[in-house]
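Visitor: Per full-length UniProt numbering, residue 1 is the first one in the sequence shown, and the count goes up by one each step.
Heads up, a few of these hints could be off.
What the hints assert, rightly or not - In silico lysine to aspartate or glutamate, EDC-like type, Cα no more than 20 Å apart, as pairs:
#1 LYS172 to GLU127
#2 LYS160 to ASP173
#3 LYS140 to ASP115
#4 LYS174 to ASP164
#5 LYS92 to GLU13
#6 LYS172 to GLU190
#7 LYS174 to GLU190
#8 LYS92 to GLU147
#9 LYS160 to ASP110
#10 LYS174 to ASP151
#11 LYS140 to ASP110
#12 LYS140 to ASP164
#13 LYS140 to GLU179
#14 LYS252 to GLU235
#15 LYS92 to GLU127
#16 LYS160 to GLU221
#17 LYS160 to GLU183
#18 LYS252 to GLU13
#19 LYS252 to GLU17
#20 LYS252 to ASP43
#21 LYS160 to GLU127
#22 LYS252 to ASP231
#23 LYS92 to ASP110
#24 LYS140 to GLU165
#25 LYS252 to GLU20
#26 LYS252 to GLU221
#27 LYS160 to GLU147
#28 LYS252 to ASP46
#29 LYS174 to GLU193
#30 LYS92 to GLU60
#31 LYS172 to ASP80
#32 LYS252 to ASP80
#33 LYS174 to GLU221
#34 LYS92 to GLU144
#35 LYS252 to GLU39
#36 LYS160 to ASP178
#37 LYS140 to ASP173
Bear in mind the hints are in silico, worked out from the structure with no lab data behind them.
Since this is a predicted model, take the numbers as computed values, not measurements.
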Amino acid sequence: MIPPIANRFVAGESPSEVLEHVRTLNTRNVAGICNLLGEHYDDPADATGDTYAYIGLIDEIADAGIDGCVSVKPSQIGLDLGQDVFDENLTKIVERGAERDVFVWVDMEDHTTTDATLDVYEPLVREHGGMGLCLQANLKRTREDVERLADAPGKVRIVKGAYDEPSEVAYKDKGRVDEVYLELIEYMFEHFEDGVAIGSHDPAVIARARQFHQEYGTPYEIQMLTGVRTDAQYELAAAGVEVYQYVPYGQKWASYFYRRVRERKENLLFAVRAILS
């Protein structure tokens, strides 16, 4: 059983548990982004296994008729084994998502994976649509990556960034990251046609997103994590904002939870604040 402190942030261990969690969210007009936990596989069998787990989950989401989609990590489906392995497995997932009308998000990992992830994602999204990619505002390169994808048919989820990146490639000052984050989302509201995905729990950022929407008319959605500001998610949805909850699940919950805490001290503080609130 998942202990209470981790259970707050993980929906369960099985597909049936995550689907039930999303079904409950839907009663409050919140959609779910389902993420099977697992990353950095060095065994092809593990990458293949999770690839087909996602394909099965896509079928279950479609068959259940719930408002949900999936989000995959590149290193979970083969990036550490080679860019061609990642490409092959992601293509299988995306093609099934297109067949069943289930959206597929691709998470972004640390800066060493950015080029490979983009190089696989971009041709797929331009061919199939129905996809989205996460980009991180703390990386100095992200403005160029956002501009590169402005005319692509998919969505971009912009987050501040959870990895402890070196100063050569990333902004380290929180104030500077906040400033760049707002600059990026305004650019996206101005130039993206398929909508803007705001991955943030910050009330000030959410308020600015609403202002940008009013100014540019671009559709947008707010994405938050399971177990963090849940009441705010429901309140935003009740006010007519499109809200998605990022919902991790699976048996690898312990490594997920502790790895996130170890990566940056800010992640530990974030988890503690979420629990205390």
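Visitor: Tell me, which hint numbers fail for this structure?
Guide: 1, 5, 6, 7, 8, 10, 14, 21, 22, 23, 26, 29, 31, 33, 34
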